[in-house]
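Number of protein chains: 2
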Amino acid sequence: MRTQPLKVGVAGLGTVGAALVSQIADQRDALAARCGRHIDVVAVCARSRGKDRGLDLKKLKWFSDPVALARSPDIDMFVELIGGAGNPAKVAIEAALSSGKSVVTANKALLARHGLALAALAEKNKVALNFEAAVGGAIPIVKTLREGLAGNSIQRIYGILNGTCNYILTRMEQDKMSFADGLKEAQRLGYAEADPGFDIEGHDTAQKLALLASLAFGTRVDQSAVYVEGISSIAAADLTAADELGYRVKLLGVAVRTQKGIEQRVHPTMVRKDAAIAQVMGVTNAVTVDVAGIDPITLVGPGAGGAATASAVMSDIGDIARHGGAQTAPFGRPTGGLTTVRKAPMQRHEGGYYIRLVARDKPGTAATIAKRLAQQEISLESIVQRHGKDAGAAETSSGSVPVILITYATSEDAVRKALAAVGRDRVISGRPQVIRIEKN
Amino acid sequence: MRTQPLKVGVAGLGTVGAALVSQIADQRDALAARCGRHIDVVAVCARSRGKDRGLDLKKLKWFSDPVALARSPDIDMFVELIGGAGNPAKVAIEAALSSGKSVVTANKALLARHGLALAALAEKNKVALNFEAAVGGAIPIVKTLREGLAGNSIQRIYGILNGTCNYILTRMEQDKMSFADGLKEAQRLGYAEADPGFDIEGHDTAQKLALLASLAFGTRVDQSAVYVEGISSIAAADLTAADELGYRVKLLGVAVRTQKGIEQRVHPTMVRKDAAIAQVMGVTNAVTVDVAGIDPITLVGPGAGGAATASAVMSDIGDIARHGGAQTAPFGRPTGGLTTVRKAPMQRHEGGYYIRLVARDKPGTAATIAKRLAQQEISLESIVQRHGKDAGAAETSSGSVPVILITYATSEDAVRKALAAVGRDRVISGRPQVIRIEKN
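Protein chains in written order, with our numbering: chain L, 1086 to 1525; chain B, 1086 to 1525.
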């Protein structure tokens, strides 16, 4: 065993930071046995020194400035748990990397925006920039992509990356709740923020997906290349219809290799009930990787929470204790070899579609809808039209009837054109609901 | 990038070896980008040189003796894909380790028997002994335990580690097949050997569990410390009853930290349908890890097959290319720090039990059974007694009725004593079926 412990500085003592400091102390001997040297937190930085965090910080050096901690000769490596896509997190990480220190961060927002530049800085200084905790909490997906599947050609990666959205969709499905009530429940239980937009509009998922896509496909991480659509338009009627047709609705982040390049998208998705990812309920996260030539690999686990996130941070620190800084590139390959990815135009997306229309209940309506789809060469796998209360769609008024269509693979452009034509025909009321189907 | 490629020797060119040689060639540039140096297979060894494997072996040096390959200065590291718990695999690995070469192997049988001694030899020579492919095929469970969860206290690990058994149980459940018919189907599809005993009696699972337990709990790997019970006694009636009660039956390998030490066991297990592992069907494998303080982590994927196993071997080779040999101990900790584990006496096992009896259909039978259980202080969660054809148990003769009991947590000793007493009371016919319930 090396005689010198690895001296760690931690910036940010929220729930994750506090859990991390405790865990490193609690597991000190086990970690030393597993990593070949002791790991000690020696210095910390947070906004308020007096706050009770349930930790004994007396033996740790206190910094009020994260940049000063990052540069301090007291520490061998720097853990950034401040959060936020800009400063002070960014400047602190830059300071650590520039002074030759490896960095561990859970900051998906920062990496999704500045990951490429930070990775290049780590590379230049021959140190590590690890971020297992930035995606999927305690699920070891970053390590799996960066190391476990290094010899495989990945075709697609998709996941439930936001526990808030999955919790809301689960409650809507299981308890026949509206989206608004599902959100209220999530807020009541602390799973959703008071301002839930970042989660429910899909931006949190998009940041995580951009990181996964980079690791899986060697693309330059770029959140702006991700198509994003949230779950606020999903109705209880969609979940009921999905259930009857053998599907569930999940907010997925999907990155897939297509003939036109890497497509990155976040949107509500219909997945077959027997797919591993369809079984994932509540705040749990999951990621499935499709690898050429073998069956998919799915990783499931807690996506958030102090202890789960701290577990992933610990894993990253352990790798630095074992291997030092420079041996694995942050995004799996040297930054010079990463490729630029453009935002895939969704009108060129191809796949099956779920379409829910509220049709006027009069002769010829079904024929009109069918004609418009046929004109765009869209084939239907199923069409369900139901009368009466048991149709499950509270919003249908008298004289209207819900029609659910499932298409075979077609292009989004064709679907949009067909629905525009149906709209002009005045045989439906309201806006059609369209949900993409993801094959599993 | 280091200028020297990593020169690999591969012993064994069956489906895994052949897939590996192809994959390393196909992914050469991607691997170099991901591992920091090129990886080349330069020498191979197999029994028959002339056999058509769909590979161009002309540029590779041929060895007919794996030990000679293992010792050869032509190679930097050695991949053992010969298989078998003894020689030549064992002596070849020893030769490679002794001559300072890191080894990658998929040989669970050898490691379950001689893993400790081989790990000590690797440690002495400061080289790596990696075995991701020995458990769970392409699922990165070894890396997850050794590195990803290095900072966590693991409470329990359990998994579906044998695709043959899971395939048979899936067919029995979904198609109401007998065990014999399920086995025949598995054999017809190539999922089961002509001599299926090693799989269906649980020995394959036991070998894999012994490796997982060592990685999770720091025990000295010891297959003989695993309690083993196979699936051949499971009847279609059990799967039907399980289904009605909200359970599925899976052959699980379970290693758990108890107050009496680490308990390692392989047996048919009732798991609640909503558990992640209960969703795993067919030949797919899965492992769940219970970590202190956070929700469980489950990894699902292909557990066998040439390409899936080769993928795991590639992952191990990639780590050696990146980090050299010595930085991670084979079982996660230095062998001197591993603890001896004794075989847990199953009569002291505690948990819930499923019991299926064929009771004589006469007054007082239920009261007699209930009394015997009460005498052992066993509480019942449910008791189901059904008359007539729809009971689903083909083996009940006229005058008999199936009785299904689900107990709350109790000891195995109590269950055995109660059932022995019921037997003496002559109120049942045949042998009681007993299946342990695993809490999820």
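No wet-lab data here; the hints were simulated from the structure. Treat the hints loosely; a few may be bogus.
[Said to hold, decoys possible] Derived BS3-like pairs (lysine-lysine); straight-line CA-CA distance at most 27 Å:
no.: 1; chain 1: B; residue 1: K1524; chain 2: L; residue 2: K1358
no.: 2; chain 1: B; residue 1: K1211; chain 2: B; residue 2: K1175
no.: 3; chain 1: L; residue 1: K1502; chain 2: L; residue 2: K1428
no.: 4; chain 1: B; residue 1: K1092; chain 2: B; residue 2: K1175
no.: 5; chain 1: B; residue 1: K1211; chain 2: L; residue 2: K1092
no.: 6; chain 1: B; residue 1: K1345; chain 2: B; residue 2: K1211
no.: 7; chain 1: L; residue 1: K1358; chain 2: B; residue 2: K1428
no.: 8; chain 1: B; residue 1: K1358; chain 2: L; residue 2: K1524
no.: 9; chain 1: L; residue 1: K1092; chain 2: L; residue 2: K1358
no.: 10; chain 1: B; residue 1: K1144; chain 2: L; residue 2: K1261
no.: 11; chain 1: L; residue 1: K1211; chain 2: B; residue 2: K1092
no.: 12; chain 1: L; residue 1: K1211; chain 2: B; residue 2: K1211
no.: 13; chain 1: B; residue 1: K1447; chain 2: B; residue 2: K1502
no.: 14; chain 1: B; residue 1: K1261; chain 2: B; residue 2: K1143
no.: 15; chain 1: L; residue 1: K1358; chain 2: B; residue 2: K1261
Cross-check of the supplied hints:
For a cut-off of 27 Å, the pair hint linking K1524 of chain B to K1358 of chain L stands: about 24 Å separates their Cα positions. Only pairs whose Cα atoms come within 27 Å are accepted, and K1211 of chain B paired with K1175 of chain B is accepted, the gap being roughly 18 Å. Taking the CA atoms of K1502 of chain L and K1428 of chain L, the gap is near 22 Å; set against the 27 Å cutoff, the hint holds. Distance hint between K1092 of chain B and K1175 of chain B is fulfilled; the C-alpha atoms sit about 21 Å from each other, no more than 27 Å.
Distance check on the hinted pair: K1211 of chain B and K1092 of chain L sit about 25 Å apart at the alpha-carbon level, within 27 Å; holds. For the proposed pair K1345 of chain B and K1211 of chain B, the alpha carbon gap of about 35 Å is over 27 Å, so the pair is violated. A distance of roughly 40 Å separates the Cα atoms of K1358 of chain L and K1428 of chain B; the hinted pair therefore is violated under the 27 Å criterion. The hinted pair formed by K1358 of chain B and K1524 of chain L meets the criterion: a straight-line CA distance of about 24 Å does not exceed 27 Å.
A hinted pair counts as satisfied when its Cα atoms are at most 27 Å apart, and K1092 of chain L with K1358 of chain L does not qualify at roughly 48 Å. Simply put, K1144 of chain B and K1261 of chain L have alpha-carbon atoms about 64 Å apart, too far for the 27 Å limit, and the pair is violated. The straight-line distance between the Cα atoms of K1211 of chain L and K1092 of chain B is roughly 25 Å, inside the 27 Å bound, and the hint therefore holds. Of the supplied pair hints, the one linking K1211 of chain L and K1211 of chain B holds, its CA atoms being roughly 24 Å apart against a limit of 27 Å.
A threshold of 27 Å between alpha carbons decides the hint, and for K1447 of chain B with K1502 of chain B the separation of about 23 Å falls inside it, so the pair holds. For the hint pairing K1261 of chain B with K1143 of chain B, the CA-to-CA distance comes to about 51 Å; that exceeds 27 Å, so the pair is violated. With a C-alpha separation of about 21 Å, the suggested pair K1358 of chain L and K1261 of chain B falls inside the 27 Å cut-off, and the hint holds.
Violated hints for the displayed structure, listed by number in ascending order: 6, 7, 9, 10 and 14.
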